Amino acid sequence: MDLVRHLRYFIVVAEELHFGNAAIRLGIAQPPLSQRIKRLEQELGVRLFDRSARQVRLTGAGRLLLTEAREIVIRVDRLHELARHGEDSVLKVGVPPDLAAAVIAALVAGFRETRPEVRLAPAEIWTADQVAALTDGTIDVGIVRHPVTAPGLHFGRLLTQSQGVLLAADHPLARGGELHLADLAGQELLLPPREGEPGLYAEVLVECRRHGYVPAQVHEGAGLGLVLAGAAVAFGPREEVPGLAWRPLLGSPIALRFSTAWRAATDAVTGFSAVAVRTLKERAGMADEGATPARRVSRRPGSLA
Amino acid sequence: MSDFDGLFRAAGVTGWLHAADLDTGREVGHGSDEPVPTASVFKVPLLVELCRQADAGLLDPASRVTVGAAERAFGPTGVSVMLDDVTMSLRDLAYLMIAVSDNTAADVLAGVVGLDAVNAMLAGFGLHGTHVAHTTRGLYQSMADDIGHGWPYLDVEEIARLRVLDPRHTNRSTPRETAALFGLIWRDEAASAESCAWMRTVLNLQVWPHRLASGFPYDDVEVSGKTGTLPTLRNEAGVVEYPDGGRYAVAVFTRSFSPAVNQPRADAVIGTAARMAVDHLRR
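Sequence order for the protein chains is Z and P. Per our numbering, residue 1 is the first one in the first sequence, and the count goes up by one each step. Per our numbering, residue 1 is the first one in the second sequence, and the count goes up by one each step.
Don't read these hints as lab results, they were simulated from the structure. This structure is a prediction, so every number in the text was calculated from the model and none was measured. Idealized CB from N, CA, C, for every residue including glycine. There may be inaccurate statements among the hints.
Claimed, not checked - To give an idea of the interface, some chain Z residues facing chain P are shown, with a C-beta separation under 7 Å as derived from the structure:
| id | residue |
| --- | --- |
| 1 | Arg209 |
| 2 | Arg210 |
| 3 | Gly212 |
| 4 | Val214 |
| 5 | Pro215 |
Chain P on its own, in the form it takes in the complex:
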């Protein structure tokens, strides 16, 4: 299906994609096994491990933690931009981590759950191409170390030096494995059925309309997912649910030719490509 190539190129990006019908197992892909940096999509395995530790009685998701004003990670949403101490339950932090990609919430949860535990969970599911090496603070620190200054990164040569864009040195996955992780959540296999139901609710509350959801502009189609963004990199993975019960896990990863931060066409092609893949699966 080289149609994907043309679609991505017309939007100024290179893209990799995998889509799977959650009930029949039919698949379609474009570079499905390409190692890709996940950026904030890594917050999904973190969410899964949080739920599994709650299921195992290792932590209480309703227990409250205080995030001091000085403990904020870089980020434009949620607790990351709040000025004062915040006291919130672990599961509410998880909601912010998914719904608005709150970096501070993610780092607090990573501290509670432990990245080693997240990686052990991924290995346990056989997702050996998926690995979480850094918290969001680690991702931004790595960029500052590579370039010597903070965001924004707009110089093409500087961007070429960023280790966060090299899957060997950062949080990574493949389109196939990321779609598989969503399949586990939607089939109640990632954690307890109760926890999986809550994860689906939270993933369905994500606020961004510009990527995956933009490809399915229908009131009777549900789109749940999690985005990921770094310089030139735009991702989203999630599940699309049709009114006839069809459910499709889709993971789309892109790199843009231009370093411009605001590229609506590059965001939208994630939805267009996902739509093309789902159409193919429904034929």
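Chain Z extracted, bound-state conformation:
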């Protein structure tokens, strides 16, 4: 019997405490999963789960063995990792294609300082494709935007980036102080592609609508050409781009959430994750996620009569 594979099944069932959910996460049917857990119990000579009640519980022995099982699986993954990369290793990293070039440069430089023996190979990939690339091992670690869900992925510390509005320098809204989302009424909006950033796309549009801005048309892409042409506006952190103006949004209604993501934690992955958190905070205007202040809704009598 493939002990390591059985231990992986055991860990997932122990995390879910539900055979159906665990089977979904593992992408297999429930009956074979139950059989494999039984085989593992026979092999080890102990009962791992208490299935007498309507719920699944870890037995005392199960709890004890879970810690060891995790240790074994992590070490086996490390073994494969090391075998794959050899001594002169490469860390394949996914970054959002619209992350500023200066930020990517700072990531590479920062990582080189801490881990000179590992070469960083960044690839520009949107969040949805990063999830697939992490799952099939095309990349080792990524910087993804939330909300994102994927079984088996681990996420680093959540960072938020408050967005302002990018508009053409000669746009009528370009002068002045803050803008409110409702001021953008009538403007077309440029967002990252929906297929690549489904969570962000949906969340930003809901927030726009809630604040009274329903874009007449939403363009998808990373290039700011349409914005430069004055045909659309975009959201982004404060940025100095010739021909573009940036204005803060009143009440910070749009904040994008980022984190690093990985499937198997290696030293290089954890090292990159730490560098990424530091760099994104210093260079990309990101901050630790705080409690978002409750939004006030003005109750003017005429708006309720």
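Let chain Z serve as the given structure and place chain P on it in line with the hints.
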């Protein structure tokens, strides 16, 4: 007249409208027979039935009732926001119900008049698409039941579940029938001539300038009406009277794409669309 569509869309709403010349019977509409939730516009049929019961000697509009401090309905105006017991005549409560859309006043009057009587009156006038199912308390209770919390309602998915926005489950009418009800009041057909004159006075005292009235920014044009508002929904129906004697009943019902509470453009398009309709009738 697809001009209306473009006008409504530019203001971020979908709209339905009916306008009628009260003297010639000429009409113009945009979805005139669409069933729509009335929101507070239902206070107009309630006012009519109050007058008819007064005309019939069933109640004395000058009789006073006391509204206890504990009997307040949710609402930002009138008795609804007052802290102490209020003793007031039925007709003064009716004035507050219309002039500032006072929800507590409306619910007290609904208790006196009876919603069944209001619906029987509407059926008697052949307004079969107009129905009052709830008091204002009922409307807000229905929203709280659907969503599990009180106002404000800003989540698009939550708003999609609100039964008060589905004409089958709430106070409803059509633009044509609401305009027709105003026609009855202005032609002294809704109740006695004396009662109709008083209803016109009260409807002319409505305080809101941002919807129907905003489309007619002239000192010599009278705008009387009643608004209605619920999440994403903004209505106003009333009568516009021109200096040459032209009188037009107009009913405008809108739903906004955005759930934002404060949308001046969505309020103003009610006036702009009404103005476009009246211009059409005067051509």
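Hint by hint, here is what the structure shows:
The beta carbon of Arg209(Z) comes within 5 Å of a beta carbon in chain P, closer than 7 Å, and the hint placing it at the interface holds. About 5 Å separates the beta-carbon of Arg210(Z) from the nearest beta-carbon of chain P, less than 7 Å, and the hint is met. Checking Gly212(Z) against chain P: minimum C-beta separation of about 3 Å stays under 7 Å; hint holds. The beta carbon of Val214(Z) comes within 4 Å of a beta carbon in chain P, closer than 7 Å, and the hint placing it at the interface holds.
Interface restraint check: Pro215(Z) against chain P, minimum CB-CB distance 10 Å, threshold 7 Å, status violated.
This entry does not satisfy hint 5, going by the numbered hints stated previously; all others are met.
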